[in-house]
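Chemist: Each chain is listed here by its residues.
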Amino acid sequence: MEVLASGKGAYRTPDPDGHREWVRTHKSRELKSKVMTAREAVEKFVADGDSLGYDLNMHKRGPTALLHEIVRQKKKDLSVAVRFSGLDPAVLIAGGCVSHIDVGWFIQSGTCSRAIQEGKIRTTEWTNGAVVYRELAGAMGLPFLPLRYIGGTDTFWQSGAKLVRDPFTDKEICLVPALNLDVGLVHVYQADEYGNARVFGAGLSPMETSSCAKKLIISTEEIVSNDEIRRNPQLTTIPYYMVDAVVHIPFGCHPGSVPGLYATDGEAMTEMMIADRMGTMDQYLQKWVYAFETHEEMLDKLVGARKLIQLMQAETIKEGYHV
Amino acid sequence: MSEPITFSTTEAILVNTANLIEEDRTYWVAIGGAPMMAMMLARMTHAPRAFFVVEDGTISPEPPEYVPFLSGASGLAGYRALAWKDMNTVGFHCAMGYYDYGILDCLQVDMYGNINSTLLGGTYEKPERRFGGAGGANEIASMCWRTVFMADQEKRKYPERVEFITSPGYLDGSPRAREKAGLPANTGPYRVVSDMAVFGFDEETHRMKLLQIGPWTSVEELFAGMGFEPLVADPLEKLPVPTEQQLSILRAEIDPGGRVLGQGRWIEYQPRD
Numbered sequence: 165m166e167v168l169a170s171g172k173g174a175y176r177t178p179d180p181d182g183h184r185e186w187v188r189t190h191k192s193r194e195l196k197s198k199v200m201t202a203r204e205a206v207e208k209f210v211a212d213g214d215s216l217g218y219d220l221n222m223h224k225r226g227p228t229a230l231l232h233e234i235v236r237q238k239k240k241d242l243s244v245a246v247r248f249s250g251l252d253p254a255v256l257i258a259g260g261c262v263s264h265i266d267v268g269w270f271i272q273s274g275t276c277s278r279a280i281q282e283g284k285i286r287t288t289e290w291t292n293g294a295v296v297y298r299e300l301a302g303a304m305g306l307p308f309l310p311l312r313y314i315g316g317t318d319t320f321w322q323s324g325a326k327l328v329r330d331p332f333t334d335k336e337i338c339l340v341p342a343l344n345l346d347v348g349l350v351h352v353y354q355a356d357e358y359g360n361a362r363v364f365g366a367g368l369s370p371m372e373t374s375s376c377a378k379k380l381i382i383s384t385e386e387i388v389s390n391d392e393i394r395r396n397p398q399l400t401t402i403p404y405y406m407v408d409a410v411v412h413i414p415f416g417c418h419p420g421s422v423p424g425l426y427a428t429d430g431e432a433m434t435e436m437m438i439a440d441r442m443g444t445m446d447q448y449l450q451k452w453v454y455a456f457e458t459h460e461e462m463l464d465k466l467v468g469a470r471k472l473i474q475l476m477q478a479e480t481i482k483e484g485y486h487v
Numbered sequence: 035m036s037e038p039i040t041f042s043t044t045e046a047i048l049v050n051t052a053n054l055i056e057e058d059r060t061y062w063v064a065i066g067g068a069p070m071m072a073m074m075l076a077r078m079t080h081a082p083r084a085f086f087v088v089e090d091g092t093i094s095p096e097p098p099e100y101v102p103f104l105s106g107a108s109g110l111a112g113y114r115a116l117a118w119k120d121m122n123t124v125g126f127h128c129a130m131g132y133y134d135y136g137i138l139d140c141l142q143v144d145m146y147g148n149i150n151s152t153l154l155g156g157t158y159e160k161p162e163r164r165f166g167g168a169g170g171a172n173e174i175a176s177m178c179w180r181t182v183f184m185a186d187q188e189k190r191k192y193p194e195r196v197e198f199i200t201s202p203g204y205l206d207g208s209p210r211a212r213e214k215a216g217l218p219a220n221t222g223p224y225r226v227v228s229d230m231a232v233f234g235f236d237e238e239t240h241r242m243k244l245l246q247i248g249p250w251t252s253v254e255e256l257f258a259g260m261g262f263e264p265l266v267a268d269p270l271e272k273l274p275v276p277t278e279q280q281l282s283i284l285r286a287e288i289d290p291g292g293r294v295l296g297q298g299r300w301i302e303y304q305p306r307d
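Chains as they are written, first to last, in this note's numbering: chain A, 165 to 487; chain B, 35 to 307.
These aren't lab readings, by the way, just hints derived from the structure by calculation.
Among these hints, one or two may not hold up.
[What the hints assert, rightly or not] Partial list, computed: chain B residues near chain A (C-beta under 7 angstroms):
(1) T92
(2) G112
(3) Y158
(4) K160
(5) R164
(6) G166
(7) G169
(8) N172
(9) F198
(10) I199
(11) T200
(12) L205
(13) A215
(14) G216
(15) L217
(16) P218
[As the list claims (entries may be wrong)] To list a few chain A residues with every Cβ distance to chain B over 10 angstroms, as calculated:
(17) R188
(18) K238
(19) T458
[What the hints assert, rightly or not] When the alpha-carbon atoms are kept at most 20 angstroms apart in a straight line, the in silico DMTMM-like pairs for lysine to aspartate or glutamate are as follows:
(20) K172(A) to E197(B)
(21) K191(A) to D346(A)
(22) K119(B) to E483(A)
(23) K238(A) to E460(A)
(24) K214(B) to E166(A)
(25) K451(A) to D464(A)
(26) K243(B) to E188(B)
(27) K214(B) to D330(A)
(28) K482(A) to E96(B)
(29) K160(B) to E282(A)
(30) K191(A) to E357(A)
(31) K238(A) to E204(A)
(32) K378(A) to E207(A)
(33) K214(B) to E238(B)
(34) K189(B) to E255(B)
(35) K172(A) to E159(B)
(36) K240(A) to D446(A)
(37) K196(A) to E392(A)
(38) K243(B) to E254(B)
(39) K465(A) to E431(A)
(40) K284(A) to E159(B)
The beta-carbon is built from N, C-alpha and C at its ideal position, and this holds for glycine as well.
All chains should be modelled from the sequences, with the hints used to inform the complete structure.
Modeler: Below you can see the structure in the form of structure tokens.
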């Protein structure tokens, strides 16, 4: 296949056979309980230098509690696949956890922009779609996939994509390399103790992120029985054998929303946005993350049961969420 | 003499965009910004059957009000959708040609319809100002049959050439430039909409071309808000003035808090009887 042009962005060379070998030796086939605390899961499955990706964002059904735990444990040198993000990359960057990001898109964020402008973190350019498509390639066990976008742009030149001549049609087509994350995080509605998990609503990439990851931590709003999972197999998004840890964290996306369950905590979210804009994320993290041992303790002492009930009541639309 | 009509530049760009939206066409709309508001306005006025998807996989929702991306990521945005899928699925449907139009707002658009949402000044490694990057705009601008860009009429938003092509227009304007880069055939920028005008693109040169201008402004004032001089259609048509109905729906139903509509400056237009 003739390569016509190559982007110069940094990326890890895909290794489908290496990933298969990892799956063979590290992924348990046993139906055993994987329930553990966020602290245990992050200690065990997130290492300095890992590549990290997660479904959705801190504002909507993202794994906020797990991201906060990563910050709390001061993980370092992560390469984060940032697509369709909210202020989640800002939180990770402010926590000193990040050395590189794959840019699908980050929301207008003082923390992110400053870190890049000051050369504190390196970037490789992609698009939102290209990042989840690279995860799809990884989830299919392939080294790359062709796509009909990204070509012709400076985004292409700063990415790891290639323009090739398609051997079947003789026309130009772009390819992107597979992304097999070291760590995937997905926040789900329901899971059993083995990790069979249900995601409702529009999701960004729950299946791709779960399937492509070497190590997968899911946090769940609710633990259900294995019988409950088997009663409605159509609802299962993630099968247990991909899952390394199941962390039970109600309000696990707070201050964000889990549609159908609870609304965004506007006050807490505004505080985060102001901290990002004013460059005071350190104080924000001190107040919301470092001051507590766990997400549950933060909810208990800083948010309070009354507020949490109000957030549940404010989420008036339930249709379609099976909750 | 008729009463003068008062509207903001933000309302003008929303109305100008909504007026382009057609019944029974499919739109991939940028999530939670001006394009979404324009879509809601069109669906509440002349085009209730305009169909739209957003990049998180929500297919044809009927949100009861405008939902900002950051603060309103609740069940509202996906309410009464036809289907809840994921980002790759929407990308596949677009790649196959199911989506007629994309609507995007942009930081900068140049004479060939290329858009920049990545950086200003400096180098890629060390930009003077860094923005969020391509997001879903690259997919939309590459694969929808026709793309509509929204950009306020300000000189900094209309440079002759963008310094970083984040998402593709007609690239260098040369024939088949998009196809040679692997993009689907017969796609590309269709309209650029501002608060003052609607632009298209010349079929031969792919250069931006002024098609319609608001009767509340002049060509001189318009060109002062551009970093290059576009081609001009002959005859140059007038844009319709925002109607009372459009303005009241925007103000009372789509953005009752005035969070978005209050931005920009006010225009007072005196219609001639």
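Chemist: All hints, please: hold or fail.
Modeler: Right, here's what the structure says about each hint:
1. For T92(B), the suggested interface contact is upheld, since its CB lies about 4 angstroms from the closest CB of chain A, less than 7 angstroms.
2. For G112(B), the shortest C-beta to C-beta distance to chain A is roughly 5 angstroms, which falls under 7 angstroms, so the interface hint holds.
3. Residue-level restraint check for Y158(B) holds (minimum Cβ-Cβ distance to chain A is 6 angstroms; threshold 7 angstroms).
4. Annotation: K160(B) was flagged as interfacial toward chain A, and the flag holds, the nearest CB pair being 6 angstroms apart, inside 7 angstroms.
5. Because the closest C-beta pair between R164(B) and chain A is about 4 angstroms apart, less than 7 angstroms, the hint holds.
6. At a threshold of 7 angstroms, the smallest CB-CB gap from G166(B) to chain A is about 5 angstroms, leaving the interface hint in force.
7. Interface restraint check: G169(B) against chain A, minimum CB-CB distance 3 angstroms, threshold 7 angstroms, status holds.
8. Satisfaction of the interface hint for N172(B) is found here, the shortest Cβ-Cβ separation to chain A being roughly 4 angstroms, below the 7 angstroms cut-off.
9. The restraint placing F198(B) at the interface with chain A holds, with a minimum CB-CB distance near 5 angstroms, inside the 7 angstroms limit.
10. With 7 angstroms as the threshold, the beta carbon of I199(B) comes within range of chain A, its nearest partner Cβ sitting at about 4 angstroms, so the hint holds.
11. With a cut of 7 angstroms, the hint placing T200(B) at the interface with chain A holds, because the nearest CB-to-CB distance is about 5 angstroms.
12. Here the hint on L205(B) is kept, as its CB sits about 5 angstroms from the closest CB of chain A, short of 7 angstroms.
13. Hint on A215(B) holds. Least Cβ distance to chain A is approximately 3 angstroms, under the 7 angstroms limit.
14. Checking G216(B) against chain A by beta carbon gives a least distance of about 4 angstroms; that is within 7 angstroms, so the hint holds.
15. Hint status for L217(B): holds, given a least beta-carbon distance of 6 angstroms to chain A, under 7 angstroms.
16. The criterion of a C-beta within 7 angstroms of any C-beta in chain A is met by P218(B), whose closest approach is roughly 5 angstroms, and the hint holds.
17. In this structure R188(A) is separated from chain B by more than 10 angstroms, as the shortest Cβ-Cβ distance comes to about 26 angstroms.
18. With a least CB separation of 25 angstroms from chain B, K238(A) remains clear of the 10 angstroms interface cut-off, as annotated.
19. Non-interface call for T458(A) relative to chain B: holds, since the shortest CB-CB distance, roughly 24 angstroms, exceeds 10 angstroms.
20. For a cut-off of 20 angstroms, the pair hint linking K172(A) to E197(B) stands: about 18 angstroms separates their Cα positions.
21. Using a Cα cut-off of 20 angstroms, the hinted pair K191(A) and D346(A) holds, with the two alpha carbons roughly 13 angstroms apart.
22. A threshold of 20 angstroms between alpha carbons decides the hint, and for K119(B) with E483(A) the separation of about 16 angstroms falls inside it, so the pair holds.
23. For a cut-off of 20 angstroms, the pair hint linking K238(A) to E460(A) stands: about 19 angstroms separates their Cα positions.
24. Our distance criterion of 20 angstroms between C-alpha atoms is met by K214(B) and E166(A), whose separation comes to about 14 angstroms.
25. Only pairs whose Cα atoms come within 20 angstroms are accepted, and K451(A) paired with D464(A) is accepted, the gap being roughly 14 angstroms.
26. Proposed proximity of K243(B) and E188(B) is supported: the alpha carbons are some 17 angstroms apart, at most 20 angstroms.
27. Between K214(B) and D330(A), the direct Cα distance comes to roughly 12 angstroms. Compliance with the 20 angstroms bound is thereby established for this hinted pair.
28. A hinted pair counts as satisfied when its Cα atoms are at most 20 angstroms apart, and K482(A) with E96(B) qualifies at roughly 15 angstroms.
29. For a cut-off of 20 angstroms, the pair hint linking K160(B) to E282(A) stands: about 7 angstroms separates their Cα positions.
30. Restraint check: the Cα-Cα separation between K191(A) and E357(A) comes to about 16 angstroms, which is no more than 20 angstroms; the hinted pair holds.
31. For the hint linking K238(A) to E204(A), the alpha-carbon distance of about 14 angstroms falls within 20 angstroms, and the restraint holds.
32. Between K378(A) and E207(A) the alpha-carbon distance is near 15 angstroms, which keeps this suggested pair within the 20 angstroms criterion.
33. Pair hint K214(B) plus E238(B) holds up; C-alpha atoms about 17 angstroms apart against a cutoff of 20 angstroms.
34. Restraint check for K189(B) and E255(B): satisfied, since their Cα atoms lie roughly 11 angstroms apart, inside the 20 angstroms limit.
35. Taking the CA atoms of K172(A) and E159(B), the gap is about 12 angstroms. The hint holds against a cut of 20 angstroms.
36. Distance check on the hinted pair: K240(A) and D446(A) sit about 16 angstroms apart at the alpha-carbon level, within 20 angstroms; holds.
37. Simply put, K196(A) and E392(A) have alpha-carbon atoms about 16 angstroms apart, close enough for the 20 angstroms limit, and the pair holds.
38. In summary, the hint linking K243(B) to E254(B) is supported, as the alpha carbons are separated by about 15 angstroms, within the 20 angstroms threshold.
39. At roughly 16 angstroms between alpha-carbon atoms, K465(A) and E431(A) fall within 20 angstroms of each other, so this suggested pair holds.
40. Annotation: proposed proximity of K284(A) to E159(B) holds, straight-line Cα distance about 10 angstroms (limit 20 angstroms).
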